[in-house]
Amino acid sequence: MNRGPDEPMKARIELTVNGERREALVPVHKTLLEVLREDLDLTGTKHGCELGECGTCTVLVDGEPVLSCLALPAELEGREILTVEGLAQGGRLHPLQRAFAELGAAQCGYCTPGILLVARALLEATPVPTREQVRVALAGNICRCTGYTKILDAVELAALRMAGRTPVATAAAGSAR
Amino acid sequence: MMRLPPFLYVSPRTVAEAAKAVAEAGPGGMLVAGGTDLYPNMKRRQFEPTTLVGLAAVRELRGVRGSAREGVTLGATTILSAVATHPDLLRHYPALATAAGLVSSPQLRNMGTLGGNVCVDTRCNYYNQPYPWRKAVGFCMKKDGDICLVAPGSRRCWAVSSSDTAPVLWSLGARVRLVSASGERTIPIDALFRDDGIEYLAKRPDEILTEIVLPPAEGWASTYLKLRRRGSFDFPELGVAVALRLEDATVAQARIVLGAVASQPRPATKAARALVGQRLTPDVIAHVADLAAGPARPLDNTDFTHPYRKKMTRVFVARALGRLAGLERAGRDEEELA
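Chains A and B supply the protein sequences, listed in that same order. In terms of the working numbering, the first sequence has 4 at position 4, counting the first letter as 1, and numbering is strictly consecutive. In terms of the working numbering, the second sequence has 206 at position 206, counting the first letter as 1, and numbering is strictly consecutive.
There may be inaccurate statements among the hints.
Claimed, not checked - Reference listing, derived: stretches of chain A covered by chain B, where coverage requires no fewer than 3 residues with Cβ under 8 Å from a Cβ of chain B:
1) 22-32
2) 62-68
3) 127-140
If you're looking for bench data, these hints aren't it; they were derived computationally from the structure. Each residue gets a CB set at the ideal place from its N, CA and C atoms; glycine is no exception.
Let the sequences and hints guide you as you build the complete structure.
Given below as structure tokens:
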């Protein structure tokens, strides 16, 4: 930890982000959200209210959704952080991303990264959730565009596809409910 | 970006190290566990610590141990989602699991801790605002100002106790362990709070809330109901915690504690006393609910009108008792109103 007389306290932090080890020398008062966006150039994570009241900055830490606007990187060393940039694998979209795109579950798209990550955590724990389970899981993510219905539809469609229980065609979305 | 102001960050590994660190930090020192209350307050410049003592790496502060027969001890930095889903708590101290599960949002419960929720800052429409807003109205006595903007003639601050778990823990007869560099003490949780919006905790700033100790649960039933506008995110506008010990369908012991109606959880002592020796009939419940609404004196400084919040105290106490009597349908643990 280095600190000049009038400089803010800095710390060298080592984070595991999307499976890669990343290092940065950052002021300790920078939140994970700020470090991801400004120091690691991972701008997929969005800043919304920055007070824990909207959910758009959600990332997964060891698989669990947390708010990056209220987390300090210094407290997350050694933990696995997943951001929206880590969802696609080898150039292939995650089934959740594909379902969101196909069903129009994103409009302005600002809340989408956070919602995708919460949905991914949900499907890890509960591969084929009920609509109520999806609603409860997404209770910490505010969307001002969609009215949520298409988001719920997309999570359900992705879940069914991942469980191998539905045709790939978008037309199946209606019957997936 | 709404950024945190700079601070020094200390990350002790043990309670003893943490106690020493917070003592050394002096008046500019604050403790942080989940940070879900502290960091927003720092971003709004309501808290301005120069040193933060982080409790995240203090392992001895995390976890739930014990049993319903002997009593359960909860580490203060156990996250709320762990409290909400703990099988023994769900079964034997259901009001606590319910209350923890109704705090804010799923993400916040993955970060926020039980101790943090017990010690959560009091809230007020004139205080929980960004700095420019507070400046525009001339500040209030809780931060940067001299008068209370809710009750300008008042010499005290009327900010509202907004913890979901504190009224429940009080109703369950919990005790809290406070550790500092100069010693430790374990006190009943009702002695942790004061009815003042600014000095709402009797805990000294250098004391660390390390454990919450629940008495044996055998024979007790408990429930918690929460009133808020949205089904997520919102702090309680009213919380009703009821714990009863029944003997052959007759109430042997009772505690009713109200949340969000004062600057501390407010026990409805007279109402609880009126339950003892009674069976939970609809008439008894109606009478006790009327008595319980007595100590609720909400002011016009949160969401909803204060007469409505007072009226809902009676309704929610009746519902909580009805539920414990098996008279109410299970229903929801909260009321959402648009």
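Here is what the structure says about each hint:
Counting residues of the stretch 22-32 of chain A whose beta carbon lies closer than 8 Å to any beta carbon of chain B gives 5, which reaches the threshold of three, so the coverage claim holds. With 4 residues bearing a CB less than 8 Å from a CB of chain B, the stretch 62-68 of chain A meets the requirement of three and the coverage assertion stands. Under a criterion of three residues with beta carbons nearer than 8 Å to beta carbons of chain B, the stated coverage of the stretch 127-140 of chain A is upheld, 4 such residues being counted.
The structure is consistent with each of the numbered hints, conforming to all of them.
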